[in-house]
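Number of protein chains: 2
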Amino acid sequence: MAKHYDLERLGYQKEDILLMVHADDAGLSCSENAATIEALETGIVNSYSIMVPCPWFWDMAHFAKHHPQYDCGIHLTLTCEWKQYKFGPVLPYSEVPSLVDNQGFFHAKREQVKKLAKPQEVKKELQAQIVRALAAGIKPTHLDSHMYTLGLSNELLAVYRELGREYQLPIFLSDQLLREVDNPDSLQEGDNVVNAVHIGNFKAMESTGLDELYTQQLKNLKAGFNVILIHPAFDNMEMKQVCVDHPNFGSQWRQMDFDFFTDPNTASLLKERNIKPITWREIQKISL
Amino acid sequence: MAKHYDLERLGYQKEDILLMVHADDAGLSCSENAATIEALETGIVNSYSIMVPCPWFWDMAHFAKHHPQYDCGIHLTLTCEWKQYKFGPVLPYSEVPSLVDNQGFFHAKREQVKKLAKPQEVKKELQAQIVRALAAGIKPTHLDSHMYTLGLSNELLAVYRELGREYQLPIFLSDQLLREVDNPDSLQEGDNVVNAVHIGNFKAMESTGLDELYTQQLKNLKAGFNVILIHPAFDNMEMKQVCVDHPNFGSQWRQMDFDFFTDPNTASLLKERNIKPITWREIQKISL
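Protein sequence lines, in the order shown, are assigned to chains C and Z.
Counting from -16, one number per residue, gives the positions in the first sequence under the numbering used here.
Counting from -16, one number per residue, gives the positions in the second sequence under the numbering used here.
Be a bit skeptical, because a hint or two may be false.
Given that identical chains are not distinguished, each listed pair holds provided it fits within a single copy or across any two copies.
With a cut-off of at most 25 Å between alpha-carbon atoms, the simulated BS3-like pairs for lysine-lysine come out as follows [stated by the list, open to error]: (1) K66 x K48; (2) K66 x K122; (3) K254 x K48; (4) K205 x K97; (5) K202 x K259; (6) K259 x K223; (7) K48 x K223.
Source of the hints: derived by calculation from the structure; they are not laboratory data.
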């Protein structure tokens, strides 16, 4: 019932290998912002999304407003997974009690969101995040979901779809990610999904680093709309402290993401295989 | 009517030159935390205070909890002076509307607080800041006021005094700072004030740096309870971005503070003049 995007309507061929290298988590920290901007400007990252509730949102929003040439989505946020670096809703937390811990910050784990969050509070908060992004001068190209939390249940997916319709923005859906968050068979008529999603891996990161994994992913990309999800940041003092006791998607991983996707050899690899960049701005034309 | 602290009750002599080197703004950023910690551990900084509403509060609170040997106050916060780095109340902002801008963040200027803030909302919010600090395991030694905002009016001063009484903590009062915020003659019976406050200066900072100014301050310290207020931070990527378009008390200034007060020559200067360190923990014994 769910369909892949019809990329022929954009002028692509069925056999074309299309790739979006998407930077999640812009706005999280100064390090994340700086690395994301450099990866957009000098690397092959061609899309990113911003976390509105984070301390560094305004810094990234300033960039987004003045650089509308880059695909920029809203990374709808319902979790704060860091131990000593906390953020909470855009709305007063007393208005969305099911979304927060006893200090008014987002729950750390997406399972808590699945268990506790009331869909109407989720919707209200995510509308507020979008409204704040719009007010900051961002012209969003898409919506996606931090830690894929909106894929966790059919109720959350329903909110996700409603927000897409309401703000006329494509939402990032992937059957593969839905399986990974234990919510398979939840797609429905009218959903558009990307063909494949690629992402780093903690074991590989710890043992050999991510270069080999990403190289293999690029060498094996198949025809269709591929997305590589990365989280570029510099492994500096700030980012190490944000990620303290949280090596999964931690600052080392993020530095590897930055390094690999700004390496000229990576760009060459894309050229060799005639991999074409694709953006949400293009997708917007055929999905709405 | 207001009195200087009676330091003879602590065993000091009338002619003793007592000095507290106090680091404000801990919790503001990762850079501020790291520099404050290093300045406490290796420099002559002997007291600091934490901004509870800031993104890096939890990181600093973790340090404070595990290092109770250092004087640690609560830097009561009602303003957010930074352009693209925003924070707001600990309470849901809808409960303290007079304290926030239209996005729910603190006003940027203390004059806005003076004009708009309702004393009962100020009190409620500052109680929440103290309660959060206590819950985080901090054992505060004193209260002080970010940008000396609580000195702006008699109503705000009344809240400040009430909080001190309520939580049995000395509050940092200075007739000199009250004059600087255009609220002279506002002290009253029962107030205890420090003898002198020393602070950097933007013009000096821009032209020759702060070393000479601080050196002169130390050479001219008089007998009594002296406080030098500093804001140590590293002038790194994060701090430059926090302070963007705000060179006054900006990242350069903060690096100079760190450098001077961790320089062994500064410690030698104190020794030469027999300047003795004093802390709020001591003051607590005679003020409550």
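Going down the list of hints, with the structure as the test:
Taking the shortest alpha-carbon separations for K66 and K48, only the inter-copy value of 15 Å comes in at or below 25 Å, while the best intra-copy value is 31 Å. Taking CA atoms no more than 25 Å apart as the test, K66 paired with K122 passes between copies only; the shortest distance there is 21 Å, against 32 Å inside one copy. Proximity of K254 and K48 under a CA criterion of 25 Å is satisfied in neither setting, with 30 Å inside one chain copy and 54 Å between copies. In this assembly of identical chains, K205 and K97 lie within 25 Å of each other by CA distance neither inside one copy nor across copies; the values are 33 Å within and 63 Å between.
In the homo-oligomer, the alpha carbons of K202 and K259 lie at most 25 Å apart inside one protomer (13 Å), although the nearest pairing across protomers, at 68 Å, exceeds that limit. Proximity of K259 to K223 under the C-alpha cut-off of 25 Å is found in neither arrangement, the shortest distances being 34 Å within a copy and 37 Å between copies. Only between protomers do K48 and K223 lie at most 25 Å apart by alpha-carbon distance; the minimum there is 20 Å, versus 28 Å within a single protomer.
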